[in-house]
Amino acid sequence: MPLQAYLTLAALVFAIGLFGVLTRRNAIGILLGIELMLNAVNINLVAFARFRGDLAGLIFTLFTIAITVAEVAVGLAIVIAIFRVRRTIEADRLDLLRG
Amino acid sequence: MARTGSTALALAVLGLPFAAFLLIALVRPLRRAGRAAGLVSCLAVMGALVAAFLAWHGATPRPLLANPARTWTWIPADGGPMATVGVLVDDLSMTMMVLVALVSFLVQVYSLAYLGDEPAPALGRYYAYQSLFAFSMLGLVLAPGFLQMFIFWELVGLCSYLLIGYWYDRPAAARAAVKAFWVTKLGDLGFVAGIVMLWAETGTFDFWTLFKTGVLGAPIAGLGTIMFLIYLGAVGKSAQFPLHVWLPDAMEGPTPVSALIHAATMVTAGVYMVARVFPLFARTPDVLALIGWVGAFTALLAATMACVETDIKRVLAYSTVSQLGYMMAAAGAGAPDASFAHLLTHGVFKALLFLGAGCVIHAVHTNDVFRMGGLFGRLPWVGVPFIVGTLALAGVWPLPGYFSKEAVLANVFEAGRTGPFLLLTATAFLTSFYMFRVVLVVFFGRSVALPPGASGAQAHGEHDGGVPRLMSAVCLALAALTLALGARMALGGSHGGGPRWLPSLSLGLAAAGFALAWAAYGRRALDPARLARAFPLNVIDAAARRRYGLDALYAGLYRGILLGAARLIGWIDRYLVDGVVNLLSAWTLRAGDRLRQLQTGRAQDYIYGVAFGVLLLVVWSRWGR
Numbered sequence: 286m287p288l289q290a291y292l293t294l295a296a297l298v299f300a301i302g303l304f305g306v307l308t309r310r311n312a313i314g315i316l317l318g319i320e321l322m323l324n325a326v327n328i329n330l331v332a333f334a335r336f337r338g339d340l341a342g343l344i345f346t347l348f349t350i351a352i353t354v355a356e357v358a359v360g361l362a363i364v365i366a367i368f369r370v371r372r373t374i375e376a377d378r379l380d381l382l383r384g
Numbered sequence: 030m031a032r033t034g035s036t037a038l039a040l041a042v043l044g045l046p047f048a049a050f051l052l053i054a055l056v057r058p059l060r061r062a063g064r065a066a067g068l069v070s071c072l073a074v075m076g077a078l079v080a081a082f083l084a085w086h087g088a089t090p091r092p093l094l095a096n097p098a099r100t101w102t103w104i105p106a107d108g109g110p111m112a113t114v115g116v117l118v119d120d121l122s123m124t125m126m127v128l129v130a131l132v133s134f135l136v137q138v139y140s141l142a143y144l145g146d147e148p149a150p151a152l153g154r155y156y157a158y159q160s161l162f163a164f165s166m167l168g169l170v171l172a173p174g175f176l177q178m179f180i181f182w183e184l185v186g187l188c189s190y191l192l193i194g195y196w197y198d199r200p201a202a203a204r205a206a207v208k209a210f211w212v213t214k215l216g217d218l219g220f221v222a223g224i225v226m227l228w229a230e231t232g233t234f235d236f237w238t239l240f241k242t243g244v245l246g247a248p249i250a251g252l253g254t255i256m257f258l259i260y261l262g263a264v265g266k267s268a269q270f271p272l273h274v275w276l277p278d279a280m281e282g283p284t285p286v287s288a289l290i291h292a293a294t295m296v297t298a299g300v301y302m303v304a305r306v307f308p309l310f311a312r313t314p315d316v317l318a319l320i321g322w323v324g325a326f327t328a329l330l331a332a333t334m335a336c337v338e339t340d341i342k343r344v345l346a347y348s349t350v351s352q353l354g355y356m357m358a359a360a361g362a363g364a365p366d367a368s369f370a371h372l373l374t375h376g377v378f379k380a381l382l383f384l385g386a387g388c389v390i391h392a393v394h395t396n397d398v399f400r401m402g403g404l405f406g407r408l409p410w411v412g413v414p415f416i417v418g419t420l421a422l423a424g425v426w427p428l429p430g431y432f433s434k435e436a437v438l439a440n441v442f443e444a445g446r447t448g449p450f451l452l453l454t455a456t457a458f459l460t461s462f463y464m465f466r467v468v469l470v471v472f473f474g475r476s477v478a479l480p481p482g483a484s485g486a487q488a489h490g491e492h493d494g495g496v497p498r499l500m501s502a503v504c505l506a507l508a509a510l511t512l513a514l515g516a517r518m519a520l521g522g523s524h525g526g527g528p529r530w531l532p533s534l535s536l537g538l539a540a541a542g543f544a545l546a547w548a549a550y551g552r553r554a555l556d557p558a559r560l561a562r563a564f565p566l567n568v569i570d571a572a573a574r575r576r577y578g579l580d581a582l583y584a585g586l587y588r589g590i591l592l593g594a595a596r597l598i599g600w601i602d603r604y605l606v607d608g609v610v611n612l613l614s615a616w617t618l619r620a621g622d623r624l625r626q627l628q629t630g631r632a633q634d635y636i637y638g639v640a641f642g643v644l645l646l647v648v649w650s651r652w653g654r
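Sequences listed follow chains G and W, in order. Start counting the first sequence at 286; every next residue gets the next number (this note's numbering). Start counting the second sequence at 30; every next residue gets the next number (this note's numbering).
The set of hints was computed from the structure by calculation and includes no laboratory data. We put the beta carbon where it would ideally sit given N, CA and C, even for glycine.
So the derived label-pair ranges between C-beta atoms look like this: (1) Ile352/G - Val606/W: 54 to 62 angstroms; (2) Leu612/W - Gly314/G: 45 to 53 angstroms; (3) Phe368/G - Thr629/W: 17 to 25 angstroms; (4) Tyr635/W - Leu297/G: 21 to 29 angstroms; (5) Thr373/G - Trp649/W: 35 to 43 angstroms; (6) Phe368/G - Leu644/W: 26 to 34 angstroms; (7) Gly314/G - Val606/W: 55 to 63 angstroms; (8) Val606/W - Glu375/G: 51 to 59 angstroms; (9) Ile352/G - Gly638/W: 21 to 29 angstroms; (10) Thr373/G - Leu612/W: 41 to 49 angstroms; (11) Gly314/G - Thr629/W: 17 to 25 angstroms; (12) Trp649/W - Val354/G: 29 to 37 angstroms; (13) Val606/W - Ala355/G: 53 to 61 angstroms.
The task is simple: from the sequences and hints, build the whole structure.
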């Protein structure tokens, strides 16, 4: 398969992830969207590594996955902390910083 | 024969009072000691007097076309210094220097007694001002150029302000000080403009260079305007109409100050300046004619006001204005010598009169002549000098006032200025009248009960009917000096020229003035109040009592122009300047209020913004460029 196919897939996944981030009202949904966007990036990295024969992309992907795991752990912890205080995790209602 | 004095002595004359001033002003214990500061100041000015006298006495003849000034570069510039400082020691400045040092010395000595009851720090302050004044006035006299003269001119103005406001906690004194300062500044505006214009035309401030260009060189463009502006400075300083209003109010200062600054020296600075730069004035006959008319008019106007005044110091102040008018009239008639001679004699006998008045005030604690009376028996050692001064001012032979006034009248007459001459003769009559009025009321009138405080000062134990001996001694010294000056002028054959009938005319006028005063205030054959109600006199009387409305006019102008302008500027400040600022702040507030709506606090809205921004960047980078 040509490189464009991978890139198209990655773009689609990124767009779906962004859509999720922008439209979900549940904070966990937003986190899931972020995961999709990150994975789209991973696809890009792997695809370029494969087509250019450069192992650096693969190694970078491993780092990204590890960091993503950490990020999700922190993100979920924050969501739980917010839920304890506000009794909700609906993003629209978390607007304490409104001007 | 033109003569030049020693530069070193002139510098000593200048330096001694300045050193005294620095010493008193900077050394705090000395200043707060009061009397010690006074002694330092007196010693310094005595040294200056000795040096001035030596310079005058030991002056050497000089060639007619030699520069009598010794100057040093002050502001260097390409092609010769832009400004110089130095001393000009010729006949005019030497004589004036002796007069200034002499009167300064006598007044400072007199002040030791007159202000003896003042608190010590105030007395120290007084002597600091006195020393500064002596320095400034001598610097003015010795100035070899307009720039230096102007600097000292302003310094004496400052000293005058400080000394009029010596009792600054009295509102009247504080107001009088400010008034004197502002009114003279009005004239000084013209003075400085004239100096700058003259410099722009000729490129020099130096008198000697100016005279050479003025007399030998090409005509200076716009000299008439320039000299008129310079004359304005003299109008302010020498209290000429219409800027004479500050001088009577200046009497709020201590009497010795009035004697020194507002009679003998500072107010004559204008006359001195006109005499000093007369070679330039001589080339502008129109300005001279104006000077003559204004001088003569001032003389008459002030004399009428002196006739209705009841405050003894104010009578003398108006008399000073009047005599300054005489001097200016003589200068205007092209006779700076006569003008200067009158300045000298007037300086001596007017200082005498003021110091005499100071003794009287010290003894009876009032300024109102009608609350004094019959003082001759009590204060003979004040009365005799005062009468000598009065005779001199009235112009009685052989006192110096007679000769100098005679010279003024003769020169004005021979210059063909009939109008000013008539004004001046009328003034001579009035002068004699108002002075004898004061003498008759104060010294010979009905005795008035003295206030109990009058003898309060006798604790010092060396008093002469309520007047410290030192004060009457100074008066006697000045009276002796007046007599000596008169004798010298009489023996020296000082004759002003003029028509043969002139001496009898002026003596006749003096006698007529005396006779009228005698009839009204001595014999009381004539009721002065009824006299003042008779037809042409009542108009003048009423007008003179209101000071011809000039003070009211100035007050009105002040309120109208200055306060009006202040109100206008206040409006501009409030509504235009502040308005712009307020408008900007209102706009900022409103814009902030609108922009606040963007900040929803919801993370997703911000991500929308970021995503949209990235999209825009992509579009721009792909197709926009």
